[in-house]
Structure formats: C-alpha cells, structure tokens
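Given only the sequences and the hints, what does the whole structure look like? Please build it.
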Amino acid sequence: MKRILITGAAGFLGSHLCDKFINEGFHVIGIDNLITGDLKNIEHLFPLEHFEFYHHDVSKFVHVSGELDYILHFASPASPIDYLKIPIQTLKVGSLGTHNLLGLAKAKNARILIASTSEVYGDPLVHPQSEGYYGNVNTIGPRGVYDEAKRFQESITMAYHRFHGLETRIVRIFNTYGPRMRLNDGRVIPAFIGQALRGEDLTVFGDGSQTRSFCYVSDQVEGIYKLLFSDYVYPVNIGNPNEISIKDFAEEIIKLTGTNQKIVYKPLPQDDPLQRQPNIDLAKKILNWKPKVDRNEGMKLTFNYFKGLTEEELYKSEHKDFSKHIKR
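Using numbering that gives the first Met the number 0, the first residue of the sequence shown is number 0, and each one after it goes up by one.
Since the hints were derived computationally from the structure, they do not count as laboratory data. Even for Gly, the Cβ is constructed at its ideal location relative to N, Cα and C. A hint or two may mislead.
[As the list claims (entries may be wrong)] Pairwise CB distance ranges (calculated):
#1 230 - 311: 46 to 56 Å
#2 230 - 264: 42 to 52 Å
#3 231 - 102: 17 to 27 Å
#4 306 - 43: 37 to 47 Å
#5 134 - 242: 28 to 38 Å
#6 162 - 259: 57 to 67 Å
#7 264 - 242: 14 to 24 Å
#8 264 - 106: 46 to 56 Å
Shown next, in the form of structure tokens:
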C-alpha cells in the first residue's frame with residue numbers, strides 16, 4: 000500500500016484530498032497545526048485503519064517514520080482575512096515549511112507536489128493567465144506575504160528538482176469552492192452565502208467589475224491527482240476558465256438563495272486582483288483534464304452545505320482566534 004503525507008489535511012482542500020487518496024487505496028498521513036484548519040473536516044476518517052493524523056506545524060522539523068511515497072504540501076492560510084492577520088506564519092509555512100518538506104521528500108525518496116496559487120500572477124496585466132506569465136506582484140504590499148510565500152515555494156521546489164533530482168510537481172490553484180469552506184474566511188462565495196442566509200446585504204468591494212473564475216472542489220482534486228502522477232515538473236494551472244464579474248455573481252447568489260438582499264459597495268482592498276481567469280490549455284494537453292461541474296450545479300451543492308450549518312455557526316462573526324499563534 001502506497002503511503003502519502005498530506006499537509007494542511009484539516010483544511011478545505013486538504014480534507015478533500017485526504018478523502019480522495021483514502022478512496023484510491025492509499026495509506027494517508029495527515030498533518031495540520033489547526034491554525035486555520037478544523038478537525039471536523041476529517042473526523043469521519045479517524046476510525047479508518049489507513050488514516051493517521053498529527054497535530055504539528057510543518058514550519059518546524061517534520062519527521063515521518065517508515066517509508067513514504069508521496070507528499071502533498073497544502074499547509075498554508077489561503078484567504079486574505081487569515082493571512083493578513085498572520086502574515087509571518089504565512090511566510091514561514093511557504094518558506095521554512097516547504098524547505099522542511101522538500102528535505103523530507105529527499106530523505107524518503109518521495110515525490111512531492113506543492114500547492115501554489117493563481118496569486119503568483121498578482122494583479123495580472125495578461126488575461127487569461129497562462130503558466131508562462133511571470134506576474135505583477137507588489138512584493139511589499141499587504142497581500143505580498145501570501146503571493147511571495149508561494150512564489151518562493153515554487154523557486155525552492157524547482158531548485159530541489161534541478162540540484163537534487165527530486166521528483167516535484169507544482170499546481171497553481173485558482174479560486175476553488177465547495178463544502179467545508181469556512182463561512183467567514185473572507186472569500187467571496189462563503190461571504191455572500193453567509194450574508195444571504197443571515198438576511199444581510201451582500202458586500203461587494205470596488206464597483207463589482209472585477210472578475211473571478213470558480214472551480215468546484217471535485218474538479219480541483221481530480222486535476223491535482225492527475226498532476227501528481229504525471230511526468231510534468233513545471234507549474235500547471237488548475238481552475239475553471241468560466242469567468243464572471245463579482246457584481247453578476249452577487250446577483251446569482253441572491254437568485255440561488257431566494258433572498259431579497261441589496262448589494263452594497265465598499266472600497267476595493269489594496270492590490271486586489273481585477274481579473275482572474277486561468278488559461279488551462281496546458282492541463283488539457285498534459286493531463287487530459289478539464290472541469291466537469293458547472294457553476295450552477297456546484298453552487299447548489301455548496302449552498303446546501305452552508306444551509307446545514309447550525310444557527311450558532313451561521314451567526315458566529317469570527318471563526319478563528321489567532322492570538323495564541325502570534326508571538327509579539
């Protein structure tokens with residue numbers, strides 16, 4: 000039985016990846032420091048013989064006993080509301096954490112796939128964004144802590160590949176959604192659905208003309224799975240190229256939820272990308288992958304998940320307290 004280590008295992012994407020690899024017959028070792036992850040995302044796996052979990056921060060030394068065939072490095076805050084509160088931890092997990100896991104992969108002779116992001120393109124001047132575009136990132140802006148952590152992550156991964164001959168893969172993840180997203184993590188889908196369910200007006204930042212392209216989680220997981228077992232070492236975009244403006248998306252949410260909220264407008268945060276759309280030609284060619292779930296279907300599944308939250312969860316204004324993780 001092949002053994003795979005998944006970091007960020009209790010997070011949104013990490014937990015779905017744990018499910019995928021369990022279902023594919025792997026022995027899954029999950030690691031998460033639970034700074035943004037939640038054990039409820041993986042508690043259904045605890046009784047299983049071929050799942051084990053360790054509460055650990057990968058920015059510190061990582062030890063895994065026995066053989067290890069694969070590593071998926073998905074540990075990182077991923078929403079602006081999180082990484083703006085814990086900027087140093089975000090930089091550390093992308094740098095020190097990645098270094099630790101690359102070292103572990105080298106020691107175990109394991110293949111490692113690291114989770115990069117569309118944010119490496121910054122506020123793009125090229126549209127849609129292909130892997131050959133080097134990006135437009137403000138390195139010293141508030142969002143730079145996430146963007147640059149991921150850009151460094153890609154650089155050190157390629158250095159290990161070139162210098163040590165390590166088997167590496169890099170996925171650039173575009174906006175992904177589905178069950179297990181945190182309601183108040185600051186990203187647009189849970190934010191809009193939460194506001195609609197609470198009867199609040201929907202908050203759009205800027206004039207709403209900025210665009211996003213949303214990929215359902217099952218499609219994202221399938222793309223990652225195919226990339227891990229491909230022979231391609233350079234970054235690959237995995238996302239859904241079906242683009243929509245935030246204003247139009249807010250109107251879709253109002254229709255989906257059957258509510259009657261207004262849309263209110265607030266100033267656009269600094270360095271917020273105005274356009275985000277993946278060019279997935281490479282994924283189609285290399286992986287024979289493209290998204291299957293359209294936004295209408297995916298949003299119904301996601302809305303049903305959020306409708307199932309308790310009233311306490313729905314009205315909880317802050318889901319994460321980072322104070323114990325922050326050293327003054």
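Hint numbers contradicted by this structure: 4, 5
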